[in-house]
Each structure stands twice: as C-alpha cells, then as structure tokens.
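Visitor: Chains as they are written, first to last, in this note's numbering: chain A, 32 to 181; chain B, 56 to 166.
Since the hints were derived computationally from the structure, they do not count as laboratory data.
Note that the coordinates shown come from a computational prediction; the quantities given were computed from them, not determined experimentally.
Backbone N, C-alpha and C define an ideal beta-carbon position, used for all residues, glycine too.
Any given hint could be a false lead.
Claimed, not checked - Between beta-carbon pairs, the in silico distance windows are:
no., chain 1, residue 1, chain 2, residue 2, range
1, B, 88, A, 169, 24 to 30 Å
2, A, 39, B, 145, 30 to 36 Å
3, B, 58, A, 68, 35 to 41 Å
4, B, 161, A, 92, 27 to 33 Å
5, A, 122, B, 93, 27 to 33 Å
6, B, 63, A, 103, 35 to 41 Å
Unchecked claim - Residues of chain A clear of chain B, computed beta-carbon distances all greater than 12 Å:
no., residue
7, 34
8, 40
9, 74
10, 79
11, 101
12, 122
13, 130
14, 132
15, 141
16, 143
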Amino acid sequence: MGNTNEMLVEFDAIGENEGFARVVVAAFASGLNPTLEELGDVKVAVSEAVTNGIIHGYGGQPGKIRIRAWKEGQTLTVQVEDRGKGIPDIEKAMEPMFTTKPEEERSGMGFSFMEAFTDDLQVESRVGEGTRVTMVKKMGEQNGSDNRTN
Amino acid sequence: MEYGVKQEQEWLWVGLPEELDHFQAEQIREAVREKMQEAYIKYVVFDFEHTRLMDSSGIGLIAGRYREMAVRGGQVYVSHVSDSMKKVLTLSGLYRIVLPWEETITATESK
Numbered sequence: 032m033g034n035t036n037e038m039l040v041e042f043d044a045i046g047e048n049e050g051f052a053r054v055v056v057a058a059f060a061s062g063l064n065p066t067l068e069e070l071g072d073v074k075v076a077v078s079e080a081v082t083n084g085i086i087h088g089y090g091g092q093p094g095k096i097r098i099r100a101w102k103e104g105q106t107l108t109v110q111v112e113d114r115g116k117g118i119p120d121i122e123k124a125m126e127p128m129f130t131t132k133p134e135e136e137r138s139g140m141g142f143s144f145m146e147a148f149t150d151d152l153q154v155e156s157r158v159g160e161g162t163r164v165t166m167v168k169k170m171g172e173q174n175g176s177d178n179r180t181n
Numbered sequence: 056m057e058y059g060v061k062q063e064q065e066w067l068w069v070g071l072p073e074e075l076d077h078f079q080a081e082q083i084r085e086a087v088r089e090k091m092q093e094a095y096i097k098y099v100v101f102d103f104e105h106t107r108l109m110d111s112s113g114i115g116l117i118a119g120r121y122r123e124m125a126v127r128g129g130q131v132y133v134s135h136v137s138d139s140m141k142k143v144l145t146l147s148g149l150y151r152i153v154l155p156w157e158e159t160i161t162a163t164e165s166k
C-alpha cells in the first residue's frame with residue numbers, strides 16, 4: 032500500500048448540498064489529474080449517491096450525509112453514507128428502473144448510473160441503521176502524467 | 056435559452072441549469088406545473104445549452120413530462136445537447152422517446 036490521502040466531510044441531507052458534495056469530491060479528485068469526462072462521471076455518481084441518502088435514506092427528513100474519500104495512486108474511492116432507514120432488499124433496489132417513489136418521478140436509475148460511471152460499486156445497508164455506498168474509479172491515466180506522491 | 060420556463064401557446068420552453076440534479080429538477084418541475092395550469096401545453100422543449108451535468112433526477116423530470124405530453128398526443132424535445140449530455144440521455148434510454156429539436160426543425164424546414 033502506498034501513501035493514502037483521505038478526506039472526510041459531513042453535511043445536512045438537503046437538496047442544496049447536492050452541488051456542494053459534487054464540488055468537494057471533484058476538488059479532491061482533481062489532484063489525480065483526471066480528464067473532464069472522468070471528473071464529470073465522478074460528480075454524477077456522487078450526485079446519485081447523495082440524492083439517494085436525502086430522498087430514500089432520510090425520506091426528506093433531517094439527517095446527515097457523510098462522504099469519505101481517499102486516493103491511492105491513481106485510484107479514487109468515494110464512500111457516501113447515511114444513518115437513515117436502510118435498504119431491505121439491496122438486489123431489488125439496484126435493479127434498473129426500480130423505484131420506491133414513482134409518485135415523485137424518480138427514474139429508478141440512480142444505482143445504474145453509479146455503476147455506469149465508476150469502475151466498482153459496493154452497497155452495504157442495514158434496515159433501521161443506514162446505508163453506505165462505496166465507489167471506486169481509476170483516474171487520470173489518459174493524460175500520461177504520473178501524479179503519485181510516493 | 057437562459058435558465059427558466061417560457062410558454063408560447065401550446066409550447067413550453069425550458070432552459071435547463073448548468074447542473075441538473077434532484078434539487079434543480081424539483082424546482083423546474085414546480086415551475087412547469089404552474090405554467091401548465093395557466094395554459095394547455097402539448098409540446099415541451101428542454102434546452103441543454105447551458106447544461107454541463109445531469110444525473111438521473113433530470114431523467115425523471117423529462118420522462119415525467121413525456122408521459123404528460125404523450126397522453127395529449129404531444130411531444131417532448133431536447134435541444135443543444137452536448138456530447139457529454141448525450142451520454143446520459145443515451146444511457147437512460149430517453150432518446151427512444153424524446154426527439155432532438157435540431158433535427159426536427161431541419162426536417163420541417165426542408166419540406
């Protein structure tokens with residue numbers, strides 16, 4: 032294991048902070064010299080995960096979302112966590128188009144987008160305790176520059 | 056088109072923001088609902104001119120309008136879609152139901 036650079040941020044689970052979450056992770060990721068597309072992909076993935084926490088985890092009620100991210104070499108890992116109601120059936124939740132809130136016009140594509148825009152996605156959840164989504168993405172390889180600090 | 060909602064007879068023009076997320080989508084949905092109460096809308100054009108990011112909340116917003124317009128025999132269009140936005144629209148399957156505005160007006164003009 033090389034040098035790991037980690038950050039941790041916690042904020043209120045409100046819509047206004049979705050943009051903040053994207054910017055904070057993008058700023059952290061920029062040290063890896065990502066392409067614009069890679070940065071865009073990460074921002075969408077984070078946006079999906081945070082939105083899930085707000086809408087589903089806390090059902091629009093007050094709560095905190097925590098984002099922990101770390102860089103190892105050119106790999107970025109982002110963990111988005113809430114202490115909300117949890118997911119009873121993770122496999123079902125991750126089915127494309129499945130949503131528990133069709134009346135709110137949710138497309139049911141949040142997890143599909145997270146999967147499409149990252150290299151790996153893990154979802155851990157316990158009903159009544161919360162949910163943690165871990166996304167991994169290798170970045171900055173196309174640029175040919177080596178930004179590793181070790 | 057600048058950010059906002061503009062109604063012209065049966066047409067609704069929606070200028071989307073730079074980042075279309077759940078927070079923004081909800082506000083736009085409300086603005087669209089208000090306009091739809093004022094006038095009978097059959098056609099909606101979502102303008103992506105200033106849009107650099109969209110997540111699945113935007114998909115829900117557009118798909119919802121498509122359902123409403125389809126019931127009336129109307130249509131939903133997307134315009135000024137950048138290459139990066141095309142990626143999200145294609146992934147979501149939205150291109151199967153909404154029409155690219157630029158191609159539509161070219162087709163009608165060439166008649």
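Visitor: For each hint, tell me whether it holds in the structure or not.
Guide: For each hint, the structure was consulted:
no., hint, verdict
1, B/88 <-> A/169: 24 to 30 Å, "violated (42 Å)"
2, A/39 <-> B/145: 30 to 36 Å, "holds (35 Å)"
3, B/58 <-> A/68: 35 to 41 Å, "violated (24 Å)"
4, B/161 <-> A/92: 27 to 33 Å, "violated (49 Å)"
5, A/122 <-> B/93: 27 to 33 Å, "violated (44 Å)"
6, B/63 <-> A/103: 35 to 41 Å, "violated (54 Å)"
7, 34, "holds (30 Å)"
8, 40, "holds (17 Å)"
9, 74, "violated (6 Å)"
10, 79, "violated (5 Å)"
11, 101, "holds (23 Å)"
12, 122, "holds (19 Å)"
13, 130, "violated (9 Å)"
14, 132, "violated (9 Å)"
15, 141, "violated (5 Å)"
16, 143, "violated (8 Å)"
When the structure is compared with the earlier hints, violations turn up for hints 1, 3, 4, 5, 6, 9, 10, 13, 14, 15 and 16 and for no others.
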